[in-house]
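Protein chains in written order, with my numbering: chain A, 10 to 416; chain B, 10 to 416.
Just so you know, the hints here were simulated from the structure itself, not pulled from any lab data.
Please note: incorrect hints may appear among the correct ones.
Since the list gives no way to pick out one identical chain from another, each pair is judged satisfied if it fits inside one copy or across any two copies.
EDC-like, lysine to aspartate or glutamate: derived pairs with alpha carbons at most 20 Å apart [as the list claims (entries may be wrong)]:
hint, residue 1, residue 2
1, LYS34, ASP230
2, LYS413, GLU212
3, LYS332, GLU350
4, LYS385, ASP406
5, LYS67, ASP213
Residue strings, one per chain:
Protein chains: 2
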Amino acid sequence: MKNIIVGQSGGPTSVINSSLLGVFKTAKDLKCDKIYGMVHGIKGLLDKDIVDLREQIKTDLDMDLLKRTPSSFLGSCRYKLPDIEGNEETYKKIFEILDEYKIDAFFYIGGNDSMDTIKKLTDYGNSIKSPIRFMGVPKTIDNDLAMTDHTPGYGSAAKYIAATMKEIICDGLVYDYPVVTIVEVMGRNAGWLTAASALARGEDCSGVDMIFLPEIPFNIDLFLKKTGELLKENRSLVIAVSEGVKVKDGRYVCELADHVEYVDSFGHKQLSGTARYLASRVATAYGVKTRAIELSSLQRCAAHMTSRIDITEAFNTGGAAVKAALNGLTGHVITLKRVSEDPYMCITEPQDVHLIANVEKKVPLEWISDDGTFVKEELVHYIRPLIQAEIAPLWVDGLPRHLKIQR
Amino acid sequence: MKNIIVGQSGGPTSVINSSLLGVFKTAKDLKCDKIYGMVHGIKGLLDKDIVDLREQIKTDLDMDLLKRTPSSFLGSCRYKLPDIEGNEETYKKIFEILDEYKIDAFFYIGGNDSMDTIKKLTDYGNSIKSPIRFMGVPKTIDNDLAMTDHTPGYGSAAKYIAATMKEIICDGLVYDYPVVTIVEVMGRNAGWLTAASALARGEDCSGVDMIFLPEIPFNIDLFLKKTGELLKENRSLVIAVSEGVKVKDGRYVCELADHVEYVDSFGHKQLSGTARYLASRVATAYGVKTRAIELSSLQRCAAHMTSRIDITEAFNTGGAAVKAALNGLTGHVITLKRVSEDPYMCITEPQDVHLIANVEKKVPLEWISDDGTFVKEELVHYIRPLIQAEIAPLWVDGLPRHLKIQR
């Protein structure tokens, strides 16, 4: 009889609640006693804002709704734990609360920053010889976590982006005059999401015309030149560009235009306006109609179109974390290991959190075309299996039904 | 044995190809001989850019793919026929081409501007005693056509908007700090699309917090005041605003900010930036995090999420147009008539094109709340049946498959 607690942290994905379900259902199946949820992650824990997940997820229908619910069911936070040294008070408080609730294992579903939380709690726990186990469950649409083939959340975002690109490409061809559509995709430093737009190309779709990732310095002259060349042979161009593309001197492309910046508590800039800026440059250079589309937060919350592979893997990483913790493991993250290509197969594998926290995995340069305006087939081959198969929404009165936290 | 020709015009909808299929399949079933398609509407006709639809839509699978294909399969145009008087040459040329192809009936799938084309062709045809029949098949996501309960295309756009709002509302609640999200919805003069965001409210969703339609002059002071009041009681606000909202002096809200305009050949301004402008006003007034989301062309091309009711009605209006024309009718548009509420039932009904062309149907003021910040239940009750039921994409290798025109 063990008690566990689970939290969600960082930006949501369409399948972060499938990871939560993986933790919940596995803990239930393995006869855990209390299964708690932190509301708004570690911040909620510090405020003792804690719910009993058995009261929240009562029926099989609730579980199926939870899988289809966008955003983080428990709420999230961007609270970064301070360094242990000099801030022992915070850690003391956390462990006091965990002791008060008689917690045996602590699970945190999140990305880079969240794995830093697991690392610090593990380290502090070790230093005071706490028996509590700390396990990370990876999630991020950005796919920028180290030591894992990919992250749960990425496949669904990739599927949404590729499917949406197909629709935008159809739409762009509708008139008989030239149109250049620039689509801005999330991805601050890693271009995985933008790269997924390459999947649009297929038997029924000519695909996007150029793809720009933040891994390669953005060359505006080359961009304009190639756009002009492509316009000679195509009526409609659709160009995918990462919000994080930077020019050679290090400035974000969106910073070249008038723009309000926003810095969050992790020191991240809020980026947007890249597509608008580039569209205006194309309009000026070639006098054609342009459109700027920002996929915005729809990329991370379009729960109506998820990848079944992604849903399953998200569930499995959550479940494997519980199983490993109950078997005594701590300080690890459950990663995905691709054990076979063609057919694609992935298994879960625990990795030391110290190898993962705060490390950012970018798109390998050898998967990007030499002039930096497209991606290579290897990258498409890597992503394709991750977007396979579907899970239909549960439609109620014409709309997808979600599960809402009860307070 | 009759020959027919069909074209698509104006902005696309997710179901405009279901109307095309309704025309094609009904003509085929009624033993028409040649079934032609104009490529890029009347403009393609003038260039004799014409395809044989039997060569394009060959199998039952093609038909099912066509239903699920976004944008206008045949391509569209925004070409407005000139007034007959003084421009007889253009009309002479059109009728010469129609005679060359031995056309008995002409079908045009489109909105307000396209119905103007049908009107003019009917009038010119009558003046020269041509036996060719001209029929309009309505489509527009804007739902602004007169004399019809609603337009095919609206229901699917409404479903996409309502479902997306639900996802954005979930996403907005994820953090524990205040966030105001402004979502910009299409709709130049009529607020039907923006009004559909009211459907998000339900058992599992608190709904959007305010809705602003272009039918009511936009009052920025009231907007800011109510936003401030709502922020006192809610962590996250989601506000739907039509791209076409104007302040009292007649300027579009997006014109209050720096903005590049675009005027198309119908004299329409391209609007965008309304959400961004309002988000920056809220950020300045209340110091909260804001987000601006433009649903952009995804509203009209999200073929992966259509309303089955809409698909069926689009097909039926196309089919009814063919049936009526073969029975001798000309100069009419097939409209939808709601013959029953609760349960909802609609039938098709031909209406004189002269009563429809160039008339814009706006949201009735009595369906908008008194202070202009939300819509009334009557409006929700009107829209709700139009978003019912689904048609799943045909998924191939992880993505929705479409039908592509063969040239």
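| Is it within a copy, between copies, both, or neither that the alpha carbon of LYS67 lies no farther than 20 Å from that of ASP213? | between (44 Å within a copy, 16 Å between copies)
| Alpha-carbon proximity context of LYS385 and ASP406, limit 20 Å | between (43 Å within a copy, 19 Å between copies)
| field | Intra/inter-copy verdict for LYS413 and GLU212 if alpha-carbon distance must be at most 20 Å | value | between (40 Å within a copy, 9 Å between copies)
| request: Have a look at LYS332 and GLU350 and pick one of within, between, both or neither, based on CA distance no larger than 20 Å. | output: For LYS332 and GLU350, the Cα distance exceeds 20 Å both inside one copy (26 Å) and across copies (54 Å).
| field | Copy assignment of LYS34 with ASP230, given that the CA separation must stay at most 20 Å | value | neither (54 Å within a copy, 50 Å between copies)
When the structure is compared with the earlier hints, violations turn up for hints 1, 3 and for no others.
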